[in-house]
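In the order they appear, the protein sequences are chains A and B. Numbering-wise (this note's numbering), the first sequence opens with residue 1 and increments by one. Numbering-wise (this note's numbering), the second sequence opens with residue 1 and increments by one.
To be clear, the hints were calculated from the coordinates, so they are not data collected in a lab. Keep in mind that this is a model prediction, so the values were computed, not measured. Where a beta carbon is used, it is the ideal one built from N, C-alpha and C, also for glycine. A portion of the hints provided could be inaccurate.
Coverage of chain B stretches by chain A, computed from C-beta distances (three or more under 8 Å per stretch; other residues unrestricted) [said to hold, decoys possible]:
id : region
1  : 229 to 238
2  : 319 to 325
3  : 364 to 375
4  : 379 to 392
5  : 424 to 431
Going by beta-carbon spacing under 7 Å, a handful of chain A positions derived as facing chain B [stated by the list, open to error]:
id : residue
6  : G175
7  : W176
8  : V265
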Amino acid sequence: MEIDGLTARLRSGLVRLAGLAASLLAAAVVIFVAIDVLPGDPAAVVLGLNATPDALAALRSEHGFDQPAPWRFMAWIGALARGDFGISTTYRVAVAGLIGERLAVSVPLACLAMGLSLSWGLGLALLAAWQPRFSVVVTAFGEVGLAIPNFWLGLLLILTFAVGLGMLPSGGFPGWEAGWGALRALILPAIALALPQGAIIARLALALLNETLAEVYIRTAEAKGLSRAGVLVRHALPNAMVPLLALMGLQLSFLLGGSIIVENVFALPGLGRLMAQAIAQHDIITLRALIFLFAATILIVHSGVGIVQASIDPRLRRASGL
Amino acid sequence: MRVHNGLRIIMLASAFSTPLAAQVPEQVTLCMPLEPPLLDPTRGPAQAIRELTYGNIFETLVAIDRDGRLQPGLAESWKVSADGLVYDFKLRSGASFHDGTPFTSFNVAYSVERAKRPESRNAQKWIFDPILRVDTPDPLSARIVLSRPTANFLYGLAWGDAVMVAKGSAAENATVPIGTGPYKFSRWVRGERVELVVNDRWWGAKPTFAKAIFRFISDPAVQVAAIKAGDCDALSNLAAPEAIPALKRDPRLAVTTGYTEGKTILAMNNGKAPFDDVRVRRAIAMAIDRQQVIEGAMSGLGIPIGSHFSPSHPAYVDLTATNAYDPEKAKAMLAEAGFPNGFSATLKLPPPAYARRSGEIIAAMLQQIGVKITIEPLEFPQWLERVFRGKDYDLTLIAHTEPLDINIYARPDYYFQYRSLAFNAALNDAETATSDEARNAAYGRAQKRLADDAVNVFLFLLPKVTVTKGSLTGMWTNWPLPANPLAELSWK
Chain A
1 MEIDGLTARL RSGLVRLAGL AASLLAAAVV IFVAIDVLPG DPAAVVLGLN
51 ATPDALAALR SEHGFDQPAP WRFMAWIGAL ARGDFGISTT YRVAVAGLIG
101 ERLAVSVPLA CLAMGLSLSW GLGLALLAAW QPRFSVVVTA FGEVGLAIPN
151 FWLGLLLILT FAVGLGMLPS GGFPGWEAGW GALRALILPA IALALPQGAI
201 IARLALALLN ETLAEVYIRT AEAKGLSRAG VLVRHALPNA MVPLLALMGL
251 QLSFLLGGSI IVENVFALPG LGRLMAQAIA QHDIITLRAL IFLFAATILI
301 VHSGVGIVQA SIDPRLRRAS GL
Chain B
1 MRVHNGLRII MLASAFSTPL AAQVPEQVTL CMPLEPPLLD PTRGPAQAIR
51 ELTYGNIFET LVAIDRDGRL QPGLAESWKV SADGLVYDFK LRSGASFHDG
101 TPFTSFNVAY SVERAKRPES RNAQKWIFDP ILRVDTPDPL SARIVLSRPT
151 ANFLYGLAWG DAVMVAKGSA AENATVPIGT GPYKFSRWVR GERVELVVND
201 RWWGAKPTFA KAIFRFISDP AVQVAAIKAG DCDALSNLAA PEAIPALKRD
251 PRLAVTTGYT EGKTILAMNN GKAPFDDVRV RRAIAMAIDR QQVIEGAMSG
301 LGIPIGSHFS PSHPAYVDLT ATNAYDPEKA KAMLAEAGFP NGFSATLKLP
351 PPAYARRSGE IIAAMLQQIG VKITIEPLEF PQWLERVFRG KDYDLTLIAH
401 TEPLDINIYA RPDYYFQYRS LAFNAALNDA ETATSDEARN AAYGRAQKRL
451 ADDAVNVFLF LLPKVTVTKG SLTGMWTNWP LPANPLAELS WK
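All chains should be built: construct the whole structure from the sequences, respecting the hints.
So this is what it looks like as structure tokens:
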């Protein structure tokens with residue numbers, strides 16, 4: 001029995017991995033084709049209005065743009081497999097290095113925002129589930145959080161804490177060498193990102209908690225003498241975690257790649273701004289590396305969430321044939 | 001979106017007025033809208049490269065000062081032969097590159113040779129085209145021999161594209177620039193800032209600031225917030241004229257409005273019907289109220305121009321009265337050309353705000369004479385591909401930011417598709433003239449030709465709006481070429 005379970009689990013793991021690889025390859029094809037058909041010559045953008053034909057041809061051949069498309073695709077996939085993202089046409093440095101620098105801002109920012117949104121989203125939901133008279137607070141927080149556009153919230157925060165009170169910088173990022181200064185630079189953007197995310201978490205979590213609290217076994221638990229708070233933490237919360245994890249997985253992918261607007265408002269050198277720059281400069285090498293990275297992140301986070309959910313909820317393991 | 005954008009800028013501009021964050025006496029922070037893609041002005045056309053490096057990291061043999069005049073740079077003095085073919089430069093002794101390499105005439109020869117190579121990415125190869133050879137009689141003398149007299153040769157040598165580089169370091173200048181200037185490259189946080197430190201071995205007077213930071217903030221509302229919060233000591237060019245009144249009311253800030261060399265034009269496809277008919281082009285020009293466009297799109301900033309020439313140049317002729325605003329005459333002219341009921345055309349607009357805003361106003365004005373305009377917004381790469389390279393357009397609106405670029409009208413394959421022997425002759429006279437009077441007169445004829453032929457509708461010079469802390473002095477008001485020389489800055 002034990003051995004069977006193990007091989008079954010191994011087989012399922014391999015199936016998951018193969019599925020992931022196939023999805024990544026499919027994503028790569030779509031990304032390559034979509035970017036390849038975009039009108040515009042990257043060399044013309046780089047070299048400007050007075051470029052000579054010689055210089056244009058030299059730049060195109062340096063980046064391999066003069067090769068046929070299937071060859072370029074194979075070369076790209078081959079390089080990707082080796083972890084080589086190519087050389088940016090705009091910055092003339094390795095794309096991997098550019099992305100690495102940006103990750104040093106985007107990942108801590110995403111984590112900070114995730115932590116903040118989770119703590120106040122879940123905190124508020126638990127409070128309202130424990131004392132239903134607070135549920136109006138969650139509703140209000142949810143409405144406001146979803147209704148305020150985050151660039152506006154960002155400007156409001158800058159106006160209050162940077163221009164008005166002079167407590168925090170208005171934007172920019174001094175680099176991690178600056179230590180505390182770097183962390184200070186991330187506080188306002190993290191709040192601007194976390195407010196709407198927290199509002200979504202609060203609403204979903206409260207709905208899930210209330211649903212569980214209405215179950216018959218909760219009454220049994222209470223009858224056994226468990227306090228309201230105990231019931232919430234021991235029974236309701238774990239049940240709510242499975243759908244919440246799926247939501248957080250989605251939010252994490254969004255926070256990593258989709259925070260272009262907030263990065264712009266706070267002049268932060270993150271992945272979102274790199275993407276915006278790559279689009280404006282028609283830097284197709286950087287652009288396809290970034291889109292591939294975002295697609296890969298979403299796919300990996302998604303399968304990661306699946307695995308964690310399965311470890312929380314035994315029913316999911318059985319459902320997937322284990 | 002525009003109104004909305006304007007509102008949030010004004011909301012920020014007129015917000016609280018608390019003391020600015022304490023300034024660091026040894027350090028200055030300049031904020032500019034765009035990040036340079038690389039830091040070598042000889043390898044890319046982006047204006048942001050020059051804004052950051054010109055006169056700071058890199059220097060030229062002759063330099064352009066804040067008033068557009070030529071000044072000694074790495075060359076202390078120079079002599080030009082009577083036939084205008086031989087330039088003898090006496091180089092500054094004691095100048096050296098940031099890595100310790102001494103600056104000599106060999107660097108002059110190398111910099112020219114590098115720019116002239118066929119695969120060179122220099123954006124202004126015309127500067128070097130007339131050069132036959134560079135002689136190096138001794139380390140501090142450089143003799144440049146031209147193949148033909150070239151009136152603007154010295155002027156071209158003062159551009160960022162002609163900065164002096166060293167053989168040992170030139171290849172890496174895009175990312176780790178090594179020049180001779182008063183500031184050395186220190187580090188680049190890509191997407192956010194470039195930091196420079198003072199070069200103690202510079203040949204000139206010791207600059208005030210030991211450290212300088214260039215920060216890149218693209219959103220005008222965020223720029224306004226940053227200067228109000230004291231995070232920037234100066235904004236080199238604020239792209240939101242609507243915020244100026246509120247910023248001017250702030251006693252802690254100083255606002256100046258000047259001009260750049262950015263000649264903003266409504267370009268017409270001279271090679272395509274009906275714009276190949278000079279009567280149609282004149283009618284279009286007469287339908288447009290230049291002052292109204294400047295008021296509406298630029299909050300009144302922007303100097304009107306009547307030809308493809310900057311009023312800052314001594315050869316400038318005021319031609320704003322040629323084909324002056326007169327919608328009735330425009331209609332009559334259109335009827336004469338065979339369009340009594342007007343016609344339809346597209347106006348392709350690149351992304352900058354000045355283009356999108358001016359384009360909307362102009363479309364409405366053309367409607368008045370019966371020309372129905374369809375506006376098509378394009379991203380810049382698509383604009384380059386379709387309009388600039390493919391010449392697939394009727395009308396477009398763009399600023400040509402390079403100084404003294406009237407010679408583009410002599411290129412038969414240029415996107416305007418303008419061909420005029422009379423213009424080419426005038427331009428040739430100007431470029432080969434050996435006296436200033438002859439050159440300026442010929443430039444005058446060339447400007448007049450363009451205005452008479454109504455090649456394009458010449459609108460205005462892009463403004464430069466500089467916002468500084470009241471205590472900072474020395475920023476350039478105008479941009480005869482884009483530059484922010486840090487050595488000229490100090491606290492009052």
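So, going through the hints one by one against the coordinates:
no., hint, result
1, 229 to 238, "holds (count 3)"
2, 319 to 325, "violated (count 0)"
3, 364 to 375, "violated (count 0)"
4, 379 to 392, "holds (count 9)"
5, 424 to 431, "violated (count 0)"
6, G175, "holds, 5 Å"
7, W176, "violated, 10 Å"
8, V265, "holds, 6 Å"
Against the hints set out earlier in the document, violations occur for numbers 2, 3, 5 and 7.
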